[in-house]
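Asker: So the protein sequences, as listed, match chains R and X. The first sequence: position 60 = 60 (my numbering), numbered continuously. The second sequence: position 50 = 50 (my numbering), numbered continuously.
Keep in mind the hints are simulated off the structure, nothing from the lab. In this text, all values refer to a predicted model and were calculated from it rather than measured experimentally. For each residue, glycine too, the CB sits at the ideal point set by N, CA and C. Check each hint, because a few of them may be wrong.
[What the hints assert, rightly or not] Cross-link-like lysine-lysine pairs, in silico, BS3-like; alpha carbons within 30 Å at most:
1) Lys120/X <-> Lys23/R
2) Lys23/X <-> Lys120/R
3) Lys101/R <-> Lys161/R
[Claimed, not checked] Away from chain X, derived, C-beta distances all over 10 Å, residues of chain R:
4) Leu42
5) Glu65
6) Ala89
Protein chains: 2
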Amino acid sequence: MKSTSNLDVLTEALRRLPGVGPKSAQRMAFHLLQHDRDGAALLGRALLQAVEHVRHCTLCNTFTETAVCETCLDPERDPSLLCVVETPADQLMIEQTLTFKGLYFVLMGRLSPLDGIGPKDIHLEKLIARATDGVVSEVVLATNFTNEGEATAHYISEMLKARGLQVSRLARGVPVGGELEYVDAGTIARAMLDRRST
Amino acid sequence: MKSTSNLDVLTEALRRLPGVGPKSAQRMAFHLLQHDRDGAALLGRALLQAVEHVRHCTLCNTFTETAVCETCLDPERDPSLLCVVETPADQLMIEQTLTFKGLYFVLMGRLSPLDGIGPKDIHLEKLIARATDGVVSEVVLATNFTNEGEATAHYISEMLKARGLQVSRLARGVPVGGELEYVDAGTIARAMLDRRST
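Just chain R, with the same shape it has in the complex (with noise of 0.2 Å):
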């Protein structure tokens, strides 16, 4: 088979996705052109739709359509609270537990030197000139329990304590519903740790 220059060409733009590989790119290609060539041309112009028109929230950092993001101009939030969180998938799940009222900033991505992500990936300094403008008065830091997300959390910690703002940290602990013989010992140490009076 001599591959027709269209079709490598999609070929080879598929690999841009993450975790798509040339075997998976190949049957991707061929699965679009033989069996849904209307979800490919329904894919092609969302993804230069989205690339045109979706940005950064100036306030959150988000993607939105506008200058500001819309929970980012809901005047029923608590704007003395501010929530930091690695991705929009994780500030979705916080909103869904609806404890929490305040703002947020998305630092899209965390920490990861031996990824060569430093601070200025991560809009840090955008981070503090968000917590930073008076009306903010405590940062929970909401970035993932792992590694990367920890030292994340730390240096932004260090970083605000050092302007005066209050900084937390969600609780570490047992998951509810845990039973203590699943759950890893690192979780039951700082469990007991932080063991809280009833």
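Fit chain X to the supplied structure of chain R, relying on the hints for placement.
Answerer: For chain X alone, kept in the frame of chain R given last:
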């Protein structure tokens, strides 16, 4: 987070890719918008170009941008031999062996009654017309050695033999470099039945 509309549309559209669920689609959308907008625009254009220009070869049914593909137009090839494969990827593998100098017919699928894929979906009428052109004398069946591939080969074989064509199938046996201890019993049984005098 209140997701912006173009981002939602993109995430939904990414789910049209085979093997991509809601979480993967979200991760892909975030990755492209955050880290690879050039890649997103490239992929968007590639999809629209491919949908517009890629069609099927009128002779062998593979993907092409012209009425007849380059392989079918090649005067060096033996038009009396026709090799039937499931996909363009299979054709490419056979080409790489440099052992076949005839022409191809690409089914773009396989018979799979459980998935509702019948003879019409794999272009068997087009194959009959192609194989009975008066020039083709032998048809080599190179569908996969899976249940579906074997069933497809059997079906096509009966169909073409009834029309007086010579039909052959790729040999089954122990793979090159295979150690008997680690080859499955079904393959060894087949290799024993199909043993050849040396």
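Asker: Run every hint past the structure and note whether it holds.
Answerer: Going down the list of hints, with the structure as the test:
no.	hint	in the structure
1	Lys120/X <-> Lys23/R	holds (27 Å)
2	Lys23/X <-> Lys120/R	holds (27 Å)
3	Lys101/R <-> Lys161/R	holds (22 Å)
4	Leu42	violated (5 Å)
5	Glu65	violated (4 Å)
6	Ala89	violated (6 Å)
Hints 4, 5 and 6, counting from the list given before, are not met by this structure.
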